[in-house]
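Q: From first to last, the protein sequence lines stand for chains H and L.
Each residue of the first sequence is one higher than the one before, counting from 32 in my numbering.
Each residue of the second sequence is one higher than the one before, counting from 97 in my numbering.
The hints are simulated quantities; they were obtained by calculation from the structure and are not laboratory data.
Remember, predicted model here, so these are calculated numbers, not experimental data.
Glycine included, every Cβ here is placed at the ideal spot set by N, Cα and C.
Some hints could be false.
Said to hold, decoys possible - Listed below are the simulated DSS-like cross-link pairs for lysine-lysine, each with C-alpha atoms no more than 27 Å apart in a straight line: (1) H:47 - H:134; (2) H:134 - L:119; (3) L:150 - H:70.
Said to hold, decoys possible - Where chain H lies over chain L, by a calculated footprint (3+ residues, C-beta under 8 Å): (4) 150-158; (5) 189-201.
Unchecked claim - Selected chain H positions facing chain L (Cβ under 7 Å, derived; list incomplete): (6) 41; (7) 75; (8) 83; (9) 118; (10) 124; (11) 132.
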Amino acid sequence: EVVLTQSPDFQSVTPKGTVTITCRASQSIGSDLHWYQHKPGQSPRLVIKFAFQSISGVPSRFSGSGSGTVFTLTIKSLEAGDAATYYCHQSRSLPYSFGQGTKLEIK
Amino acid sequence: QVQLVQSGAEVKRPGASVQVSCKASGYTFIDYDINWVRQVPGRGLEWMGWMNPKSGNTGYAQKFQGRVAMTRYTSISTAYLEFESLRSEDTAVYYCTRRGDYGDFRPWGQGTLVTVSS
């Protein structure tokens, strides 16, 4: 079973700043790692797939990198609307799993 | 556009069962697996299991085995989550989501709140 560990658990950043969230897998998962943005009262929204591939409709300020066991999600030029909890998710092997989440605050 | 629409909120007594539906539109239902994910209040996203709508094959997270069943009715492009022996700790928002070609989950249903309370 693949365990995903995100860091940090919480991050507070000023508008126009940059944040990097890390997701570490307990074993190699290639590039089968995806990132979601989840706001209260809404459904999760895919922001990066396959570690680094962009998603139509998601601002180019969102980027992903990594492979194997260490992955990062970077959000540049932060806006108030980016405040959310971000989750990584692996689809390499069953059972699929999510990281514990990183809550991003825009102060 | 590709869309998943779930059934409405439910309130159940402990020990009862619940069925949540997930109606797909905008694509060929049998071509993509449906997965179910839940979020207990104050907690993160938790993967529950998957279903292949074409074959009916399923796979469940170990913690839900024996209490959950994922089924479908292909003629109406609808997937179902059936959950029995509900406990208060099963109070959560339940989401269905489609597994894409890269294993990503998109789109997601709007979520169904299931409240288990005596």
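Q: Hint by hint, where does the structure go against what was stated? Just the numbers, ascending.
A: 2, 3, 6, 8 and 10
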